[in-house]
Amino acid sequence: MLCLTDVRKSFGKTVAVDGLSLEVRRGEVMGLLGPNGAGKTTTIGMAVGLLHPDSGSVTLGSTDNGGAGKVGTPADPAMRTMVGVAPQEVALYDEMSARENLVLFSRLHGLTGAEARARTTELLTEVGLSDRAHHKVHGFSGGMKRRLNLACALVAHPKLVLLDEPTAGVDPQSRHAIFDIVAKLKADGVTVLFSTHYMEEASRLCDRVAIVDHGRLLALGTVEELIEAHGGPSIVAIRREGEEAETRIETSTPLDEVSSAMGESGASIAELRIEKPDLEAVFLHLTGKEHRD
Amino acid sequence: MSGVRVILVLAWKDLRLLLRDKAAFFFTAIFPLVFGVLFGAVFSGAAGGDGPQSLGVAIADLDRTEDSRALLDTFIADSRLDATNVIDAHEARELVRKGSAEAFIVIPAGFADAARMPFGGTPMRLEIGSGPSGRATRGLLTGIATQKLYQHLQSGMVDPERATDMLQEARRAMAVAEGVDAPQRLALQGLLTAAERAIVDMPADDAADDANAGGFNVVTIEQTEVTGDDAGDTPEALTISAFAITFPQAILWAVMGCAAGFGVSLVTERTGGTMTRLRVAPIGRWHIVLGKACACLITTLVVSSVLLLLAWIAFGVRPVAPFMLVLAVLAVALCFVGIMMLLAVVGTTEAAASGIGWACLLTLAMIGGGAIPLAFMPAWLRDIGHISPVKWGITAIEGGLWRGLSPAEMMLPIGVLLGMGTLSFTIGAVVFARRETR
Ligand SMILES: Nc1ncnc2c1ncn2[C@@H]1O[C@H](COP(=O)(O)OP(=O)(O)O)[C@@H](O)[C@H]1O
Ligand SMILES: [Mg+2]
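Protein chains in written order, with our numbering: chain A, 839 to 1131; chain B, 28 to 465.
FYI, nobody ran anything at the bench for these hints, they're computed from the structure. Every residue, glycine too, gets a C-beta built ideally from N, C-alpha and C.
With the C-beta cut set under 10 Å, the calculated list includes, among others, these residues of chain A facing chain B:
#1 V886
#2 H890
#3 M917
#4 V921
#5 Q926
Kindly generate the complete structure, drawing on both the sequences and the hints.
Here's what the structure looks like:
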């Protein structure tokens, strides 16, 4: 659906994306996970034609299992009709109402006036802004703006949706509303690529996760695969009766470790825990622990 | 969706945003209106004011005698005037009509004869004309001309030979005059004899006043108003005419407001992120530019039309060449759409774009006669004004509104406007496209 092949992009001396190759398959939800400055926004920018890669190629569309069959670059407006984008910075006309924004972008995506109005009503309900439809955007909270920003990406029923940090700086309610929308897109068979640095949302929503840093792809796979490959050992933590401190055992086979511990001194165990590595462990393992901003 | 529809959708969005942006709306609609009405009223009322520092006058000497030449020289020497000697009355009128001169003076044939026979019954005649705004100008010029005529008369009289000639001619004229009875004749003879003795010592400054006070009508100055259709100058036409000057200026202010407003709004699209959305929409980049240009064009045309209609309905400024006026307004609008595009790329933040934009526009307005009419400016400043689209815009609109310039004469201002517009638009669009392609 989206194929980046060895793309590079520099801004002056800063290399933002450094030979990245990535394929987002039709119908999958892929998370683009990386610390600040990793090159996520630049990657998405190139994917939709906002930025020209210095080298490498970007292809939109797919020919696999009976897909639409159209393939092209994002520079072609016709190819962009099937793409919806929610930029990282909220991009809305502040002096226009939620409804007017949606109608405008619907029209620009080729909907007729009537279609645009119908679709707008639908989307306003979907993102929970129906009661604020006629309010100007500049009075909206961060979460409301984010939801509207997302809705604007969906006006033309896109086949591919790119969301750049869709949940940055929003309250938990809005965040869950946004999760629900992504889940619904997935259920509808829409291909989604979204960037984030929240592990939770990546592991909850994504079929596959791409971890990037310094403009390079560090790892790609399902959450399980990534943990398997990069999560490091599990930890079995045991505290025996009468002991203050717990014993921590690093192991790749935690169950074996547990059964042997039970066999040894089953009666005296006060507490037993298995700490499995998670996506965060993978992330920190791959990208290091130093600060990025 | 077709390209035109995309452009109209974008333009409609911009028009709506304009109506909601109080500052932009003020500069495109309210301020120009206030300018046109207020200054129109001020200039109308200031007919007796100080007038210009140096008035551009075209002088045609049809008499071509020593006397007329001498009078001409005194006009040329007068520091209050910036006099140009022209061949005939037609050329003089043309210069005024095209705005190269503010007023004209025609010294008609037969001037010398009248000058040599001040009491011979034929008064010295001068014709003075100016544009419809020129009531004050004509008043001023009439004053200056009257003074010069009497000085001329007096210079003749202080020349003993000519003074004697004059008086002898007067006697001869009286001798043959019909309908003059004996007592009258005697009285006049006495007067002339007294004049022969006294006139030589007449102090120069009193000459004009005394002559005016007396019953003799030795000087006639005819005033004409130069308009496109050379219609007569009714008193009404004179009292409204200042609006014919201030409304073209007002249109230029409105158009500048549009250019600045929409130029900055293009910057706002970039800083506010909406440009990103427009760019990822399935539309071409030139749609975005043309959408903005279209909104700017529509706004300038609407505001200009409203101002012109108001000038006509409320202040009686009736266009003398409506078709030319339409062309002029269109050219001005297109020119400033180009300038809008240039303003859109002069700064990368709204504050910078707006600040730099208005600084440039205000300068162009000042040197182009947008604030102070060109006529009231020093010559060197008027020359610099050629680089200002405001000057060409005012010239073009005045050309259709009251100067009644012919299509050939309109070619220059309209051509310059379109040229400047095209150049600005091209530069702006190229820079814009380059910035958006990274
Ligand atoms: N327009 C730009 N001009 C200069 N540098 C940029 C620009 N956009 C991004 N960068 C730099 O490129 C790198 C990657 O940025 P970005 O793609 O925004 O990262 P992310 O979205 O992952 O935080 C950063 O070092 C950033 O400073
Ligand atoms: Mg980013």
